[in-house]
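Protein chains in written order, with our numbering: chain A, 576 to 897; chain B, 576 to 897.
By construction, these hints were calculated from the structure, which means they are not laboratory data. Since this is a predicted model, take the numbers as computed values, not measurements. Misleading hints may appear alongside valid ones.
As the list claims (entries may be wrong) - The calculated label-pair distances, taken between Cβ atoms and stated as ranges, are:
| id | chain 1 | residue 1 | chain 2 | residue 2 | range |
| --- | --- | --- | --- | --- | --- |
| 1 | A | T821 | B | K716 | 33 to 43 Å |
| 2 | A | D754 | B | K592 | 44 to 54 Å |
| 3 | B | N664 | A | E680 | 30 to 40 Å |
Even for Gly, the Cβ is constructed at its ideal location relative to N, Cα and C.
Number of protein chains: 2
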Amino acid sequence: MDKELEILRKYFSPLAKNKESLGLRNDAAFLDLKKKMVVSTDMMVEGQHFDKNYDPKILAKKLLRINLSDIAAMGANPYGYLLNLSIPNSSPIQWIKRFVSGLREDHKKFKLKLFGGDLSKSPIIFLSASIFGIVKKDIHKNMTAREGSEIFVSGNLGDASLGYNLLNKKKKDLYEIDDRSKEYLLKKLYIPNPRILLGSSLVGCVDFCTDISDGLLKELKKISFFSGLQANIFFSKIPLSKVVKTILRSSNNKKKIWNIIFAGGEDYELLFSTNKEKEEILKKRNKEKIYKIGFFSKGKGVKIFDSNGKKIQFKNEGFSHF
Amino acid sequence: MDKELEILRKYFSPLAKNKESLGLRNDAAFLDLKKKMVVSTDMMVEGQHFDKNYDPKILAKKLLRINLSDIAAMGANPYGYLLNLSIPNSSPIQWIKRFVSGLREDHKKFKLKLFGGDLSKSPIIFLSASIFGIVKKDIHKNMTAREGSEIFVSGNLGDASLGYNLLNKKKKDLYEIDDRSKEYLLKKLYIPNPRILLGSSLVGCVDFCTDISDGLLKELKKISFFSGLQANIFFSKIPLSKVVKTILRSSNNKKKIWNIIFAGGEDYELLFSTNKEKEEILKKRNKEKIYKIGFFSKGKGVKIFDSNGKKIQFKNEGFSHF
């Protein structure tokens, strides 16, 4: 038996014990559910999204979770995924074992099924997954807000992007923090928590819903553009962790820190808006904490105000690959 | 507008003018067909599957077609796909324009829809697609043959793999051919022809159906193993193009050439087996030419016989990444 086939049989087949995968024997998987679905794909490239020394278990979880975050943003429930894995030839078995252990843990946590995939070698690590979510009644289809609607996020911003900066040699001296805080930020970067329950509980009570993978500013700019409205955001309302608050207090370049919080990306919280009326239904349905950070008004673009009501401009408006 | 967004809007949005893509505005695409589907994914990595100087238009077509070949092997009809594209930062616009022109042409040819995707940069080119096929009544679900069934392929073998060897510096001196023949082999390598009509016409009249992407020997070995049967193949029955016949005639290492034909992969023809009874139905339904190359009998593994009935052993049994 060749090594590729051995890897498939030994490590990936046990993850694909579902009827859809057809035992990974065929050229494709068979989805006979006949349900409405949402589908999305995200990739992670060594050197671009992560460093080659990343723990493969973390990479596996992050790959699944950034894809699951898209399912959450649509208000759907996780179903399964296709996996593409391309890794260097040097000692792949240990790497694969650990990668698979990460997949296995998140299979259980999110009730996920592996439908199939493709395996290759390459000088750097390349990962992608295509994820399938099942739609209950409806999804978040609109990407437009309404005038007067209030803007919410589902959790603290900036943790993951400040964690990312800790790994970036050019930027690591921007702030000093203790080891425990560092660990906290890195954990938030490495293992995002897709807001699946929240996403589906919001269906029908919000104008739009999206995840903040590319940074709050970029996502808001997009929604403002689609809606022909102005997004007004208040510094003082942005939910921040204790660690980020400490960084802000001790930093001598607060604006740079705020820029990372607003535009750094990687947070994978949900962003949505709703009006007063639907906010009541939303509160009844949803048990998770959500944070009001601003509102939409006539106008265009994104305006950010500090605690004195002064408008702030940022240079960097969000993550972009090119 | 940042460059990534501009690339999406200018080049990819026009390919995604279908209701499923939701205008590429959302975090996922919405498949509300409620039909049985098959799904598969394949990737292509620079240095592994192709050279960095490959025409991006050819890469786009090949990416779609190797994925479509999996849909064909299942007996399903093309529906749409998700695309992952990671390319170097250097002058990507020209590259992307040409890549997109390849996608556009094959969208028309195969009635394909782009549902969504992900874009990144990387030092080398990574491509992957996840493809969706719609099932009419049934698919090729079994991967087992029956004793006595005759084995067929859908077209010439060896063209693409001998073309691949022309690009491989180590192996290029194995045979000498004129420029027109070289062009022919490379075209077969670059732009495979997924057997979609044939694949779906075979549903219900064959034991199994698969494509020969990793080489005839490897695919047959797999089927023999799953079936607990022996596959018997005859040299003289293998369909070969004029170019390959000429190479065989002029080569001083015929066995090496045969090894490439049997194990080189990249052919993307269909392999299937059927019994006498169903062969009649098959012939009525199917207008494409098919080629009988052997049969299944009691025993195990794959046995290949030359024109004198002598058994032949090959060292290399198929393409493997590791």
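Cross-check of the supplied hints:
The beta-carbon spacing between T821 (chain A) and K716 (chain B), approximately 58 Å, falls outside the hinted interval of 33 to 43 Å. Between D754 (chain A) and K592 (chain B), the C-beta spacing of about 52 Å keeps the proposed range 44 to 54 Å intact. For N664 (chain B) paired with E680 (chain A), a C-beta distance near 35 Å keeps the hint of 30 to 40 Å intact.
Consistency with the previously given hints fails for number 1 only.
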